[in-house]
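Visitor: Turn these sequences into a full structure, and let the hints guide you.
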Amino acid sequence: MLKYLLEKEFKQIMRNKFLPRMVIILPFVALALFPLVANFDVKNINLAVVDNNHSQYSERLIQKVISSGHFILTNVSHNYSDALKSVEQNKSDVILEIPAQFEKDLVNNLTTNVLISANTVNGMKGGLSSAYLVGIITDFSSEIREEWIQSGTKLKAPACEIIPQYRFNPHLEYKYNMIPAIMMMMLAMITGFLPALNIVGEKEKGTIEQMNVTPVNKFTLILSKLIPYWVIGFIVLTICFFVAWLFYGMISKGGYLQIYLFAAVFVLAFSGLGLVISNYATTIQQGMFMMFFFVITFIFLSGLYTPVSSMPEWLQTMSFFSPLRYMIDALRSIYLKGSSFMDLWHQFMALVGFAIFFNFWAINSYRKKA
Amino acid sequence: MAILLILPILMLVLFGYSISTEVKNSKIAILDSSNDVATRAIIEKFRNSEYFSVKKMVNNPSEIQDLFKKDRLNMVLVFGDNFYENLAHTGNAQVQLIVDGSDPNSAKTIVTYATSIIGAYQLELSKIDKIPFQINPQIKLLYNPQMKGAYNFVPGVMGMILMLICAMMTSISIAREKELGTMEVLLVSPMKPIYIILSKTIPYFVLSLVNLATILLLSVFLLKVPIAGSLFWLIAFSLVYIFVNLSLGLLISSIVDSQLVALLISGMVLMLPVIMLSGMMFPVENMPVFFQWISQIIPAKWYIIGVKKIMIKGLGLSSIIPEMSVLLGMGIVLVIASLKNFKYRLE
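From first to last, the protein sequence lines are chains P and W. Sequential numbering from 1 applies to the first sequence in the numbering used here. Sequential numbering from 1001 applies to the second sequence in the numbering used here.
Calculated from the structure, these hints are not laboratory results. Even glycine gets a Cβ: it sits at the ideal position worked out from N, Cα and C. Watch out, some of these pointers could steer you wrong.
Listing some non-contacts, in silico: residues in chain P with all C-beta distances to chain W over 10 Å [what the hints assert, rightly or not]:
(1) K43
(2) N52
(3) N79
(4) L223
(5) F292
(6) Y366
With a cut-off of at most 30 Å between alpha-carbon atoms, the simulated DSS-like pairs for lysine-lysine come out as follows [said to hold, decoys possible]:
(7) W:K1055 with P:K85
(8) W:K1055 with P:K337
(9) W:K1024 with W:K1192
(10) P:K253 with W:K1027
Here are the computed distance ranges between Cβ atoms for each label pair [what the hints assert, rightly or not]:
(11) P:F219 with W:E1050: 50 to 60 Å
(12) P:T214 with W:L1272: 15 to 25 Å
(13) P:Y256 with W:L1187: 31 to 41 Å
(14) P:T214 with W:L1328: 56 to 66 Å
(15) W:L1272 with P:F357: 24 to 34 Å
(16) W:L1222 with P:Y256: 13 to 23 Å
Guide: Structure (structure tokens):
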């Protein structure tokens, strides 16, 4: 029985002009283009400088800031309010103001102030750009301190070398973070939306009633709806892996078999949710919106864009109910860090739980009576 | 239709709370082969910091790889041998910060925090000796001193929701009438076509006003993002944006004949570019030049810049003249194009 039902489902999918193409083209295009765009990298910060001092030291400091590579000097103003205007016009992101008595204080009083004003509308950028500046200024002061020490006076500051080392992504390229996230989004969207529109689509067309009068039982029917999306999930994932390798030269550190294993369970869970929605919705538009609601909630709770650990406590608790959280965790760990299945069996069990829950619900909520 | 009222609320809450640019409670482990006064003091500082949570003390460098793979820690702090001795006398003490770099911004932020904690300890030590040539940077965070993510996302959510309601829903609802055949009934009635179009757009116009009010109320009272500038100009500017999107919706509906195609065009031509290219999530200045050009023709991009200027930075009308005129221009072009394209006659 299942064999004929599957034949029907696959025929329906293949006959659709649009669906098979979307399954191939969407992940391809998304994975090829999105990493170019989805870039939270903080670089090329536009800097406005107000140098009230114009001394040898202040010019050296400015030179040092510019040569650090993080900043581009876009504005040199004579007073703070002019510099602020350039921030208001989005022409600069951060202002460095050097006071008039900078050199005098530095030489005579041994301590001086500089003002950093950062535009923090984008908090990440504002925070990092002021942190970079502070780092450069600290470097600068120890540089001149050393010169001074060498020039005769005996005074030593406790010094300690801090060596950052970035694992898994030594050059801190943003694509390492985004590519697994985009794979995840494609997988969730395609294997979530298509089933959500499936049963309700048959309802709108009226073909579901023909199914209802056949002796097919609910379990077989749901299974026949589920398996095609399972296959589609594997196709989508394979295309994603291929494009990541082709355009970005990325391969999984932990092998592909484990990822497919996780994906197999995840797709079952997510397609199950799609079918549940499809059972309750009465029109395609309704199904679409309901799925949109769930997908967007799950994505934001999963830590796809920002780490779960920096969310407020109550959202962190909520995130346990997002199947995407476990999947993205597994995908990133395996793909980027080469974690093994044993490291991630908690995540695996959680996904299995979701798969059983949603599919049980899908079978139960399917009504054979019209 | 209730979903159209709930959606903005949901998105605002999700964006407002889940997208946080802060990095808190990073899980770290410490490999301390010195175990002296200095390292103990520094570790104590890390324990007390809200940015870090010390999960493990390890003894063997070979364990480090597993800490990342299995426990998924964010950072391992490795002190060199004879840390205090070197710190105080030879000046070549070493701390290694081994950070999980798979999320670059978190990694950089974690390194910055850790560096400043270690730096603070050095400064404490040096207070005793009176160190010369100190430059104290005074940091002023403009517009968003608490660095809340919401300040950045509220304008984006506004741009997206208004677009969704005005352009997408208008085009779908007109396409639906065409598909069902009821459009023909309306066209043969003695009503003037312009009234038919107006009556189709006005409900969505009203709905978008309700949404605008909801978003503003929620962002002020729930997310605590104040409206720094003039409310009047913010609303006026939003009305111009709504006008652009309604005409965009009309244009799409004059081209397409079925709901599905309208949905797809709205999704591909409106939703995706707005999410990806408008600067709502991803900074436009990071994109390749080609995409930056494309972003110029996206109304939401101009709207988001304008809203940030009025609402967050608190600037006046004069500062948003470029954005306002671009949007007005787009609106006029779109409305003319859609009225020209609209088929008043039956085929």
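Visitor: Please confirm whether P:F292 is truly not at the interface, meaning its C-beta sits more than 10 Å away from all C-beta atoms of chain W.
Guide: violated (8 Å)
Visitor: With respect to the beta-carbon atoms only, verify the hint that W:L1222 and P:Y256 lie 13 to 23 Å apart.
Guide: At roughly 44 Å between Cβ atoms, P:Y256 and W:L1222 fall outside 13 to 23 Å, so the hint is violated.
Visitor: Is the straight-line distance between the alpha-carbon of W:K1055 and that of P:K85 30 Å or less?
Guide: violated (46 Å)
Visitor: Against the range 24 to 34 Å, how does the distance between the Cβ atoms of W:L1272 and P:F357 compare: consistent or not?
Guide: Between W:L1272 and P:F357, where Cβ atoms are some 31 Å apart, the hint holds.
Visitor: Looking at P:K43 again, its CB stays over 10 Å from all of chain W?
Guide: The claim is violated: P:K43 sits with its nearest Cβ about 8 Å from chain W, within 10 Å.
Visitor: Does the claim that P:N79 lies outside the interface with chain W hold up, using a Cβ gap greater than 10 Å?
Guide: holds (15 Å)
Visitor: Compare the distance between the alpha carbons of P:K253 and W:K1027 with 30 Å, and conclude whether the hinted pair is satisfied.
Guide: holds (23 Å)
Visitor: For the hint 15 to 25 Å, verify it against the beta carbon of P:T214 and that of W:L1272.
Guide: violated (40 Å)
Visitor: Beyond 10 Å from every Cβ of chain W: is that where the Cβ of P:L223 lies?
Guide: The claim stands: P:L223 keeps its Cβ more than 10 Å from every Cβ of chain W (closest is about 27 Å).
Visitor: Could you grab the alpha-carbon distance between W:K1055 and P:K337 and see if it respects the 30 Å cut-off?
Guide: Holds, because 20 Å separates the two Cα atoms, which is no more than 30 Å.
Visitor: Was P:N52 rightly flagged as not at the interface, with every chain W Cβ beyond 10 Å?
Guide: Per Cβ check, P:N52 is outside 10 Å of chain W; nearest 14 Å; holds.
Visitor: A range of 50 to 60 Å was offered for this pair. Does it hold for the Cβ distance of P:F219 and W:E1050?
Guide: The hinted range 50 to 60 Å holds for P:F219 and W:E1050, with Cβ atoms some 51 Å apart.
Checked against the numbered hints listed earlier, the structure breaks hints 1, 5, 7, 9, 12, 13 and 16; every other hint is satisfied.
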